[in-house]
Amino acid sequence: MHKPREDTPTLQDDLRRLEEIVRKLEADDADLDAALALFEEGVVRLRAARDRLAEAEARVKKVVEQADGGVELVDLDG
Amino acid sequence: MSLPSLFGDGELPEELSVAELNRRARSAVEGSFGGAVFVRGELVEFKIWRSGHWYFTLRDADASVRCMLWKQQAAGVLKRHGQPPADGMEVLVRGKPTLWEEKGEYRLTATDIVPTALLGAKALELERVRAALKADGFLDPDRKRPLPPLARRIAVVTSPDGAALRDIITVARNRWSAVEIVLVGAQVQGEGAPASLVRALGLVNRIDAVDLCIVGRGGGAREDLGAFNAEPVCRALAAVRVPTISAVGHETDVSLSDLVADARAATPSAAAELAVPERRALVHRVDGFGVRLAAGLRRRTRVAEERLARTGDRLHASLSRMIEARRGRVDRAAAQLDALSPLRVLARGYSVAQDDTGRVLSRAADFPSGRQFRLRVSDGAVPARAE
Chain Y
1 MHKPREDTPT LQDDLRRLEE IVRKLEADDA DLDAALALFE EGVVRLRAAR DRLAEAEARV
61 KKVVEQADGG VELVDLDG
Chain S
1 MSLPSLFGDG ELPEELSVAE LNRRARSAVE GSFGGAVFVR GELVEFKIWR SGHWYFTLRD
61 ADASVRCMLW KQQAAGVLKR HGQPPADGME VLVRGKPTLW EEKGEYRLTA TDIVPTALLG
121 AKALELERVR AALKADGFLD PDRKRPLPPL ARRIAVVTSP DGAALRDIIT VARNRWSAVE
181 IVLVGAQVQG EGAPASLVRA LGLVNRIDAV DLCIVGRGGG AREDLGAFNA EPVCRALAAV
241 RVPTISAVGH ETDVSLSDLV ADARAATPSA AAELAVPERR ALVHRVDGFG VRLAAGLRRR
301 TRVAEERLAR TGDRLHASLS RMIEARRGRV DRAAAQLDAL SPLRVLARGY SVAQDDTGRV
361 LSRAADFPSG RQFRLRVSDG AVPARAE
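Chains as they are written, first to last, in my numbering: chain Y, 1 to 78; chain S, 1 to 387.
Extracted from the complex, chain Y is given alone in its bound form (with noise of 0.2 angstroms):
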C-alpha cells in the first residue's frame, strides 16, 4: 500500500511559502529580526524546491483491486 505524503511539505507547500516569504521581506513593515527568520526559512525552503525539482524519472504505475476490497499500485510493465 502506497504511503500517503501529506505529513512533508510538497514543492507546492514550499513555492507558497517563498511567495509569501519574499513579499514579506520586500515589504518595509518587518524588522530585523523577523526579515533574518524569514530569510534563513526561505533559504531552507529554496533548497528543498531545488532538491525536488531534481527528482528522477516519472514513474508509471497501474491499479490493482484486491481481493479484500482495498487497492493497490504496482509498476506498470513497458
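Everything labelled a hint here was simulated from the structure, so no lab data went into it. Where hints are given, some of them may not hold.
[Unchecked claim] Here are some, though not all, of the chain S residues that point toward chain Y, as calculated from beta-carbon distances under 7 angstroms:
#1 L150
#2 L183
#3 R206
#4 I207
Built from N, CA and C at the ideal position, the CB exists for glycine as well.
For this one, chain Y is given, so just place chain S on it according to the hints.
The following block gives chain S in isolation, referenced to the frame of chain Y:
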C-alpha cells in the same frame, strides 16, 4: 353589510385583486419548474399570427397544453429546421411553463421546436442526458474546480493499450519527470464501456494522495465516443473527489464528459500539458525566489544599519552588543545563500562534469571509456575525455 356575514363565520381568507391572483399564480407555475423543460407531443392548431409569433397546441393521449413561440425565436427555428412545423407532426418542444397574466391562461412559452423525425434516437438521448445533468447542476460553471498547479500523482482513466496512455506518459516525461502516473484501466468503447468507465472512476476515489484525474481516449469516430456521453459515466466523473480533465480525443465534437469535467482538453496530449508543469519554468521561478530573497535581505540590513547610524550617539552598550549579535546572524545568512550558488562550490576547488547538453555527469556509468565531456571549473570550462 360586512364580509363575515356574507360568507359565514370562520377564518377570513386574504382578498386579492384579479391581477394579483394571476401574478402569484404565474410565479408559482414558473417557480415550480425552475427553468426550461423538454416536452414531446403532437403539434396541432398551428398558427402564425400577424405579429409573427407562433401559436399552437401540444397534445398526447392524455392531455394538451397551449404553446406560443416569440417571433424572434421563430426565425431561429426556421433557420435550424428549414420550415415551420405542420399540424399532426410529432415534435420535441423546449420551453418554459408560464401563465399569461392578462387572460389567466396557463401555457408553455417555447424557445425551440424540433420535429422528432429529424432527431435520431441517439441525439434524443444526448439531449435527455444533457438536460438531466444540467438540472442537477453538473454543468454549472461555478462548479468547476481549479486544477492543482503541481499535481504529483495523476490518475489516468483510459484503455491500458490505447494511444492516449502513451501520449500522456510521453508528454509528462518531457515536461517534468517527477510526476507519478497511475493507470486505472477501463474499456473506452463498445457495449461494456460505460460500466467499465464508471467502475474505474470509482476506483480513482480509493487511491491515496491523487491530485488530479484525466479521463479519455484517443481520437475515434463519433459513434465510438458514446460512452463519454452516457449518463452514469458523467455522474461518476462528477463524483470524482479531485479535479478532472476530460480528453476524448476529438477536436470537433464535445462530449458530455467534457462539460462535466473541471477542464476539457482536445486530446490526451493536451490534457497532459494542462496537468504537468514544465520543469524549466519551475526552475526559473525557484531561481527568481533566490534572487529576491538575497535582494530583500540586503535592503533590510542596509536600512537597519542606516537607522542605527542615525541614532548611534545615543546607543547604550547593551544595545550595541545586540547589533553585533545580529551582525553575526546576517553574515551567517549571507553565507548560506552563497553556499546555494553552484559557482561558490566550484570556487572551493570542486568541478562539475557535464555532457554537451549541459546535463551533469555524476556517476561512474556516465563515463564510458573515450567519452568526451566538459569540466566546469570556477572560471570557465575545459574539454575532457574519459580514459
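Structure-based check of each hint:
Interface restraint check: L150 (chain S) against chain Y, minimum CB-CB distance 4 angstroms, threshold 7 angstroms, status holds. Because the beta carbon of L183 (chain S) sits about 4 angstroms from the nearest beta carbon in chain Y, less than 7 angstroms, this interface hint is met. At its closest, the beta carbon of R206 (chain S) sits 5 angstroms from a beta carbon of chain Y; the interface hint therefore holds under the 7 angstroms criterion. Nearest Cβ of chain Y to the Cβ of I207 (chain S): about 6 angstroms, under the 7 angstroms cut. The hint holds.
Consistency note: the structure conflicts with none of the earlier hints.
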